[in-house]
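Protein chains in written order, with my numbering: chain R, 187 to 702; chain F, 620 to 911; chain D, 215 to 525.
With a cut-off of at most 30 Å between alpha-carbon atoms, the simulated DSSO-like pairs for lysine-lysine come out as follows:
hint, chain 1, residue 1, chain 2, residue 2
1, R, Lys462, R, Lys676
2, R, Lys264, F, Lys686
3, D, Lys429, F, Lys812
4, F, Lys898, D, Lys429
5, D, Lys450, F, Lys898
6, F, Lys727, D, Lys230
7, R, Lys543, R, Lys332
8, R, Lys691, R, Lys346
9, D, Lys450, D, Lys490
10, F, Lys629, D, Lys421
11, F, Lys812, F, Lys727
12, R, Lys590, R, Lys264
These are computed hints drawn from the structure, not numbers from a lab.
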Amino acid sequence: MRQTKLIAIVCAILVFALVASACSSNGSNTQTPTNAPEQTKDNVSGQATDAPAAPVKIKMVVSDHSVQAPGADDPRIKYLEEKTNTDLDIEFLAHGTYLDQLKLQFASGEFPDVYQSWSGPELDLIEGGKILALNDLIDQYGPNLKANIPQAAWDAVTVKGEILAIPQPALTQSGQVMFIRKDWLDKLNLQVPTTSDELLEVLRAFRDGDPNGNGEPDEIPFSMRENISWGDNIFGMWGVGTAWTEYYHNDEVILGNIHPNILKPLEYINALWNEKLIDSEFLTNDRVRWESKIRAGFVGVWGHAPALVTQWNTDLRASIADQNPEVIVIPTPRGTGYDGPLGTRWSPINKTFIVTKDAENPEAIIRYFDWLMSEEGQIFAELGIEGDTFFTATSDGRITFDAKKAEGIRWLDTVVRVHGYNPEMTRIKLGDDEMFAYLDEAYTIANTEGFVNEAVGMPPIADERNMTTMFREAAAKVLIGHAPLSDYEKFMADWRAQGGDDLIKERTAWYNENRK
Amino acid sequence: MQIRRSLGEKIFDAANVIILALACVTVIIPILHVIASSLSSTNALIHAKVSIWPVDFNWSNYEAVMKNKTFWRSFSISIFVVVVGTLINMLMTIFTAYPLSKSYLRGKNAILIYIVFTMIFYPPMIPVYLVVKDIGLINTVWAMIIPVALSQFNLLICLTFFRSLPEELFEAARVDGMGEMRMVMQIAVPLSKPIMMTLGLFYAVFHWNSYATALLYITKTHLKPLQLYLYNLVAKSDMNDMLAIAAESTTQLNPQGLQMATIMVATVPIVIIYPFIQKHFIKGALIGSVKE
Amino acid sequence: MEQIDKKHSPGFPLLKSVLKHRILYAMLIPGIVYLFIFKYIPLFGSVIAFKDYNIYKGIWASDWVGFKYFYQFFNYPQFTRLLWNTLAISFYQTIFAFPAPIILALLLNELRNAAFKRSVQTILYLPHFLSWVIIGGLGYMLMSPQVGLINQWIAAFGFEKIHFLQEPGYFRSIIITSGIWKEMGWNAIIFLAALAGISPSLYEAAKIDGAGRWKQFLHITMPGILPAVMLLLLLKIGHTLDLGFEQIYIFLNPITYATGDVLDTYSYREGIIQGKYSMTTAIGLFKAVVGFLLLLMANRASKSLTGQGIF
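With the rest of the complex left out, here is chain R (with noise of 0.2 Å):
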């Protein structure tokens, strides 16, 4: 009967679709992948040899910060395993869902030895008392530790007095700097500019001088991005910053975005808008759009991270490769009538490992991240394996780096590496000195300038206020004209009538009983 026969067939099919599920799902449902195909990249065991003492398990989560995760033999995990006489277990996450998904392992009760994170523990965890304290450990077993890493970046991951992870440090102190077409200053026979009054002056130049050479005035001076992002050193010619920064002031903790210094930088921004002399697309800028327009060769100003500065001039040398490009790093400028620091806020740390109190054996954790801080590991790190990606020549010992197949392990760099800028490292990387100079120019630059933010190593703020949608909305007005500034100062007082005023008492009272 046809019935029956169809009946069979969903059936059969059903029964195929579970035993291929069977097979496909491989094991995936134990908890340790001992066995796992090759096609699993991101779960990592390995076995040590004949080491003194058997090596210690280590199970670590991590992101996978956008690099391909290595796969289950390779061969660098077994050297790290080695050096430190561990067994790891890796578990490479997706960056883009590495916060979530870590948090849907913690709510269902799953803590590993160790998790990767970029700030100190979440309030939550430390009061549930997951997070293991870190400074006896870090006294015995962690002298290059000690030696290698700052007090700040100690500081902002500290709580009560005790260390709760192990912070790697931030290659500069300031995370922005200010980029600017070299190449335009020297054909139009201009300056660097080190006032805001200059760059103004320079930015007028660059509008009006035709310095892309093409006969038409589609330059665009200065740009930033969406969300009034990435124009950070216009706000730091004034000192201030705009997001997720505090400064105490006036005995109170208040955010930058109501400092009031920043009606200068606002004024200032505005008055670019008027003479054309900033993008006008910059609030509708996407990161796309705005790379977009710097490497076609449009924009004259941009602010970006100091590490990047030997990305621009490679990109910019080939998408405008006939008009000879360079890009440099300058010196934030001094805004007019100010003469506090200069710059963008600091930013200590990078990423942070934290430990947890389920780990199992926490000095071999120490004694892990010891090794990959001592200058063997830092090598390491950045380098790779002798022989595998990096050479030393027998006649002179200069080290040579091979960059391309080094491709294949940026996850050592991104995710496993612990210590900040290693100047030496980064210039055997680069095998290009004029390159490194442009680098290390925009490192000084950046370790040089910024200010103290004082929000780093305070507990996270539980309830802005609103402040990200008002301050937006407010000073987005302000910049292209569509209110009078004195409307921002009237935005400074709503905010803290509807509850800014509660959050500046918190703070204040947290910075009182801590800091002081």
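Once you have looked at the hints, place chains F and D on chain R.
Here is chains F and D on its own, set in the frame of chain R:
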């Protein structure tokens, strides 16, 4: 017999064709741009030189997407999920809609409210995750099938159409001794062929396009479906600034071109299959008829 | 054959009815169980809207705070604006975007050339597969004051360029238009299926009775498509406060908050990005309650006006 159209009708028909043709143009041109972008070089994209034809024609974006072993693995996972998932979906939908389409079923309105309530009040992410985890579906291929076994929306569509089937047919069959199960498969389904095809299409496309479930429940690479693979790929090339800084580099492939290529790869299979389904939407594709 | 109205007949207890139709009830079990496990059980988790949700304490042990997060959300000075924007866009969607696929299906239905009809249909559904990120990019290529096509034409005619994306006045139109462009073809599929399901014998009988195309349309086509239309309209009403988040987010910027910031974008900016689950859940609950009430009212209205309703 020749059907004579009045002048009004002729004008209407001509206008209809023109309007629809114009609508098509508004779609074709942007789509051509998307295809062209996926086949153009990064440099061309940066300088905004691409309109509807590729500039510096090259396959690099597609290579980046497809030359990976992982791509084919994800592809086969998606095929599996689409086939098995859609089958389960259709069974669940048909057998839940049928009883609810009977006006004499007591309590059906209560059940309908029970269903519609969940369409409007949807649970937050973490509790759903915990349920799926407790059942043990995390990191299994079934995590992409069972938690989405039934779409209330499709259920209601099916229900609405079953309702319009004349009850006399079923009465007659019942008198002939046919059981309810057989009536579903041999009367209700065949008579609703266009809707069955539509719902099958909706479910299949849903599974093919979905990455949200996989995003939450799948962390093992060898189980990731195609869309998640593509999503990660674009995210990789679109590494946000913080990561780029950590890696001390930006990207080589312009994420724009890569994005377009991933869309093409995801869409082409559907476009190929669709015409086969389409022929069931022709007026009068109804088989069997209701004898008055 | 008479239909005994079991609901109102005396002496027919529920149990007897269930037994009589046990197979029908049995068919319902998988669906009911599925919804219970994957929708209702997690729905209890919505209680985090009333708690200070601490992931490590878990849902039940977290502190109860009552309506605190609702107040927080209502206290946003522009809360009324959020609500108003959401309702306005939803309203425009119902008036413009909702009928578009219906009209499209009806027009396609009237086409005489089958090949043309198939081609048009296939072409028009393609934008459904584009992500909003890409459509945002396409929109930029049209509307940008620097490189946008539309502005180039405007300038060619000697007028001043318009910064479409930065004018609150254009925002809603952009949202509605792009929404129609993207989904019109795909949403028409349901209606086309409905139209295909109308028995051709009805048309033949009408022709024999001398009815012209217009009369056929009015008396056969329209009623044939009505159940589908009412179902979708009711569901749209139930989701009144649920706009397409991604679409609005792509086109939104601080200048257009005035007309475009809606509940979902606010929730994302102030809630999700900052990990504040309790508030986002509170907003979700708020939307659901409003939507559900509207749905119940609309269902009743629909039943009395058109005889169609979900329940």
